[in-house]
Amino acid sequence: MQGLLAWVPLLPLIGFLILVGIPLFYRREPPESVITVIGVGSVGIAALFTAVATAAVFWQTPSGVVNIALWQWMQLGELKLGINFHVDWLTLVMLMIVTGVGFLIHLYSAGYMRKDPDFRRYFAYLNLFIFAMLTLVMADNLVLLYLGWEGVGLCSYLLIGFWYKDPVNGTAACKAFIVTRIGDTAMAIGLFLLFYEFSTLNIPELINAAGDPGADREIITIATLLLLGGAVGKSAQLPLQTWLPDAMAGPTPVSALIHAATMVTAGVYLIARMHPLYTLSETAMTAVAIVGALTLLLAGFSAIAQSDIKRVLAYSTISQIGYMFLALGVGAWSGAIFHLMTHAFFKALLFLSAGSVILSLHHEQNIFRMGGLYRKIPFTFLCFTIGCASLAALPLTSGFYSKDQILLRAWEFHQGFNSLWLAGVLGALITGIYTFRVLFLVFAGSEGAASRHCKDANTPAMTIPLAILAILALLGGLLTPPLQAVFGTTAERHPAAWVEGVAIAMPLIGLGVAWQLYRREKKTGEQRSRVTQFWFSGWGFDWLYDHLLVRPFNMLARLNHNDMIDALYKGTAAFSRQLNTLLSASQNGQVRWYLATFAAGSILFLALLVAL
Amino acid sequence: MTLMAIIILLFAGGILAWLSERYLQRGGHWIGLVSLLLASLLLASYWPYLGAAQVIGSGPWWDSVQINWIPRFGISFHLAIDGLGFLMLALTMAMGIFGLVMTWNDIHFRRGFFYFNYLWTLAGVVGVFTAMDLFLFFFFWEVMLVPMLFLIAVWGYEQRLFAAIKFFIFTQASSLLMLIAIVALAYLHYGNSGQLTFNYNDLLDAQLAPSTAYWLMLGFFVAFIVKLPALPFHPWLPDAHTQAPTAGSILLAAILLKTGAYGLLRFNLPLFPESSAAFAPVAMSIGAVSVIYGAMLAFAQSDMKRLVAYSSVSHMGFVLLGLYALNTIAMQGAVMQMIAHGLSTAALFALVGALQHRLHTRDMTQLGGVWAILPKLSAIALFFAVASLGLPGLGNFVAEFTVLVGSFRSSHWIAVLAATGLIGAALYALIMMQRGFFGALNKRLQKLSPQAPIADLNLRESCALLSLAALLVLLGLRPQPVFDIASPTVARSLAHIETARAQYAKDQGIGTRFTSQEQTWAKPHPKESESP
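Keeping their order, the protein sequence lines are chains A and R.
Its first residue numbered 1, the first sequence is counted upward by one per residue in the working numbering.
Its first residue numbered 1, the second sequence is counted upward by one per residue in the working numbering.
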């Protein structure tokens, strides 16, 4: 049964290798059906294996742990690393999300990407992504985790720039990779520091060593902050959030899989996985919570001002991951993972429904050119509505349970009223506003300019995943993962009823505000005041980084294009050549010139003698 | 004798190729390939040593041959091989074959002479990697230089003469320093021991005054880091790489640069342990600065070959950093980087060469959107670009990671500085992909393609490139065999340093200086000293 788990990441890898290797054996491009069977099938079987392993090994055993040692990676002095997997319930939850939601999105992709000339390349990248993501969550040491971590980054880069002919996509892809690489480098330095201090990078050993009372708290603080640097890069949190909105340049299923459900939550997973280290450092915990609170507010406001349906969802993803970071920062580990799970359901649903809308409207993404679509694509409308309800955390949807848990923990953690809780509650209001604003603008009211050409583009391959995700988004709140063994249990306390009431009321108020906003925007069309323009631009972060980092760097590179050190050598060479011309000129073959210089020299010499 | 046979085989093959020029129009590459394959076969006869290097044979060498050459001066023809030497020879053979196969039909004139120079360069390199007599080492050091000069000057691109002269002056001036240092070392040793010798094993025990040792060490150091190349001695490299024919660039990048790193590890550290240890912070800083400076310059280039050339400066900076971190992890990482960089950069040069062969330009402002017309070539280029930026799972990552982990123990800030080079690597690798292969198809290429469709990689090229890719994956996922092969050599170099440090501590009196020295150098780790 343990072998079954080892096959889970290997299957998508095999799928990737087959898809990439096809041209080695067949000259012709295989039909789409074959590619679909390989690409979707590999992830499907991986999902099946995960389910079987869960049922056989982990069912009813919350403390179950499976270790799978494949082979030794490197052993140099104390640096002992293996290609080893460690599966506990935290990993298992991630496995189920990655393979389960991943499979649904693969299936949807088969419909969405039909007739794309690069169908095979698309599924190859997608399979590679699943492999890397599974390695990330199953790794038993931080270096193997880093392997998956960079691997998903690469796939994200490749898929954002999938339609490579448009340079805008390429720029967005590069931006995504480089911004996350900045975070990754911080994380790598964190690994160096951890190894320096504890002489191991194996996660369980590391947690043991750090738990030792003699461990240096200051180093733990610095290391956890550096790991947080990696997490904010990958999870698009402040201050490295700027890449995610641009990443929407990729195909919409990619946005659903990578930039909503799985990869961007890797940062949350990392911190949850390393939580015993974080609990040792109050500074790090506070930093995580503040990053989360600030991000969820800033991104929420930005989402209100967007006019591209995918960018709204992108900012909402940033904001929701902000909730997860907030949860981590207040020690609500299970709450964060629970929200990660429900978010994977409803945000994948939202993106896939948005994909249906976009495809039905022949690649129109501006919500102000939509409207009245509830009549034309009712099924998509239903799915999108369920997604919105869950995202806004209307009672009884899955998002409600997870978000409620986070808000309550934030209240408890600081014993009552505090700014983190307030940020969360305010965020809930904003979430309600931007969610329902999109819903109204796209589906309600009169038809927009693009809606007239609407043609329902859903195929069975697309409707089935949508339906399953809709059910999960509605009822996923009942699937509380048994994470007590991983995170420990916390005493249940019930704060005052009004605290709960506020959490329920906020999305409803948001809905009301959204309706007003919709009425006004429907009249004015796409128009922004100075404030909303600022929000629209993502609080000017892009502008700031462009002027602070990108331009100076480019200028420096351009200035030093010819390598100033080389100028030193070139100067020496030029000087020698000058000297050579000068001296050559003196040897011109004319006897009278020689005689004249000889005479002049002699006179000078004699004069010098006399003078001295 | 096997070592001697390898060298003779390559020399003879070269002469044969030259002679054959008159009779066979296209025979040169076959003669080259056969001699290289035979040499590889000879090298493969060392495979029994791979598993159990410690047990078989006495002393550090797997095999050695010593013949008197100029007995009057204590100069002998002394070749020997150990784990490091084997790895370097294997790399040399593999890259020699790779370069030959990738440019199978590229040479259009003086074919025989081309393969003569090609094989003689390789023979010189094999000599450098096996010579255990310092005079012989210097001899081979020069032998590999001259044929390389011809390769650049005769078969190169637009500014080949300029590049060839620059290359020659840089390496010649630096090897002069090395020659002085070698002679001075032998002379001083003669003064102390009364025995005139250039033998490596004997000179290891040379007793030198600290200040003299420091100057001699600098002489070797400069010669080696010119070859590496590290700042500020790198300017020959971009010109030489860019102007050399593809096969020449492959030889330069994959093998010739490694002779510098090899020299540091084999000669500089063991011969001058005290001064090397004292000099280490400077050397590490040079390495870290090279990493960043090389990456920045690579980013600024619009000539794709020049970009790859500058990326070499960046990658080899990691080697210098790792070697002078003076601990097992980092030094092993440096050895790994020598191999991984050899594979990835050779492939990138081969790809740029293939691109230029097809599209007649390597200027990235003239390229763009190449993926649409050459998908296979572009996909493989993507793989090697990603390897170059240090993606985990490939050999380059293992190397860079271990170098950084190890050097972080020696010096936090230098390691952190070098780590920012990881961002720089992403910048230049991605901008190369973006400007060269992605984006809309360049207008110039649009005109080109409809009339005569451009041939993508053929089977020969694909196989050669894919085998390098497979090797990089193998190194990335299972690097342990390489570490095991290199470990005795690294351990020996390190042992010299440790002894010197202990001696230094004893001289200073075990007390204040010792502990402070230890703390700035390495956190005392009990296990470190136990491992061989």
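Calculated from the structure, these hints are not laboratory results.
Predicted model only: the values in this text are computed from it and were never measured.
Note that the Cβ used here is the ideal one computed from N, Cα and C, for glycine as well.
Hints are not guaranteed to be accurate.
As the list claims (entries may be wrong) - According to the in silico footprint, chain A covers these stretches of chain R (three or more CB under 8 Å from chain A):
(1) 175-181
(2) 369-375
Stated by the list, open to error - Below, in silico cross-link-like pairs of lysine-lysine (DSS-like), each with a Cα-Cα straight-line distance of 30 Å or less:
(3) A:Lys-165 to R:Lys-443
(4) A:Lys-165 to R:Lys-506
(5) A:Lys-115 to R:Lys-376
(6) R:Lys-376 to A:Lys-165
Within 30 Å, alpha carbon to alpha carbon, are Lys-376 (chain R) and Lys-165 (chain A)? holds (16 Å)
At least three residues with a C-beta closer than 8 Å to a C-beta of chain A: is that true for the stretch 369-375 of chain R? holds (count 3)
For the pair supplied as a hint, Lys-165 (chain A) and Lys-443 (chain R), is the alpha-carbon distance within the 30 Å limit? holds (13 Å)
Does Lys-165 (chain A) pair with Lys-506 (chain R) here, judged by a C-alpha cut-off of 30 Å? With Cα atoms ~67 Å apart, Lys-165 (chain A) and Lys-506 (chain R) exceed 30 Å; violated.
Taking a Cβ-to-Cβ distance below 8 Å as contact, does the stretch 175-181 of chain R have at least three residues touching chain A? violated (count 0)
Is Lys-115 (chain A) close enough to Lys-376 (chain R), meaning Cα to Cα at most 30 Å? holds (21 Å)
Hint compliance for this structure: hints 1 and 4 are not met, and every other hint is.
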